[in-house]
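Trainee: In case you want the letters, here they are:
There are 2 protein chains.
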Amino acid sequence: MERHFDQQLGVLRRNLIQMASVVEMAISNAVKSLKERDSDLAHSVVMHDEQVDDLELEIDKQCVDLLALQQPMAVDLRFITSAMKITNNLERMGDLAVNIAERVVPLNQEPQLKPLIDIPMMATIAQTMVKDSIDAFVNKDTTLAQAVCQRDSTVDALNDQIFRELLTYMMEDPGNIIRAVHLMFISRHLERIADHSTNIAEEVVYIVRATVVKHRKHRLSEL
Amino acid sequence: MERHFDQQLGVLRRNLIQMASVVEMAISNAVKSLKERDSDLAHSVVMHDEQVDDLELEIDKQCVDLLALQQPMAVDLRFITSAMKITNNLERMGDLAVNIAERVVPLNQEPQLKPLIDIPMMATIAQTMVKDSIDAFVNKDTTLAQAVCQRDSTVDALNDQIFRELLTYMMEDPGNIIRAVHLMFISRHLERIADHSTNIAEEVVYIVRATVVKHRKHRLSEL
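So the sequence lines, in the order shown, correspond to chains R and V.
So in the UniProt record's numbering, the last one in the first sequence is 223, and the numbering has no gaps at all.
So in the UniProt record's numbering, the last one in the second sequence is 223, and the numbering has no gaps at all.
The shape of chain R in the complex, shown without the other chains (with noise of 0.2 Å):
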């Protein structure tokens, strides 16, 4: 019986590692879209949601069901419901890259505002955060899980950073202003994509240590 139920828990553990990688690239892919000016591309991100949806629902009825047949305890029970809120944030960075992917598309129909820095920098750590608070997850490993949440006020401050200068480019010119505007709400997205990241890093060291460290941030250089 115990057999069985690791065995289950293992399926778990790959199909919330799928997920993180069907999210992972439909972030990729739509930061690629807005680099490359690729419309085809972001298309291809909205399409696609459906298959981070799909997940969310089987992943979501594994664990109810592994609620159910195996009552499991301590490490085991935090697992599952950490795994429940892990693959909502998941859905919701999905959604994000939708919602990213759906601004490129009239953002490519004018040219270019301005040469893009700050928002793909932005978007490479959000998705290193990605990546590291599933491997956090994967590995059990709270230091990785800190790492990630330490990087959450880098993104913070660069979304700051950018609001600002869209600004400029905005009062500058009304030309400017929606193509800004959209610019504004890519980065608002990613700096989501990052707070969603940070919450998955904060369920890992509840998984590990059963110290709940969410709301907690001042507490983390206690870890």
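There is no bait here: all hints are sound.
Which copy is meant is left open, so a pair is good if it fits within one copy or across any two.
Lysine-lysine pairs mimicking DSS-like chemistry, simulated, CA-CA at most 27 Å apart: (1) K114 / K32; (2) K85 / K140; (3) K131 / K214; (4) K32 / K131.
In short, the hints are calculated from the structure, not lab data.
This one's a predicted model, so the numbers in the text were calculated from it and none came from an experiment.
Start from chain R and add chain V according to the hints.
Mentor: Frame of chain R; chain V shown alone:
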């Protein structure tokens, strides 16, 4: 033993209702601080968010304890796993109320851009959705839950309309830009609050009917 379990479920239900009413109040005060240009009220929304965070942690812990100690089945199991998702949605709504309040403060330092009509209307609908989604949850009322889901498209349409109208203000005068951007984000935050209410309403259908309607909005008419 069972009577004790029922009591515990009652406590969980009351805690969720309490959390929902704190969040409702935060949203209501955030919008009031915008309409009445009351920066003190906006600051108080930001200050009170900790209460929402604490309630989320408390309810989550209670859910995990119930899963561990009572090993619930069927509708009770769905109720508890949904409760964890509902707190997560409520916590995000609390954050969004804070995000609104944070933008009210700089807005109030300048003259009003325009008489606000659509944003308060959108806020009213969003607040009703929050209230109704929680009422639907408390009373296991799938008809009310369905009505919440259906109102989501009205909020989306209003957000779109507000976005377009604010663009015209930005084009007209660069001096309007910063205020219009803040209002755009406030509108987007309200739209997200409505989305979270919809998520809660979808959980209600799941608890009652064991039917997942999430990501399956076209199937709602079949309920």
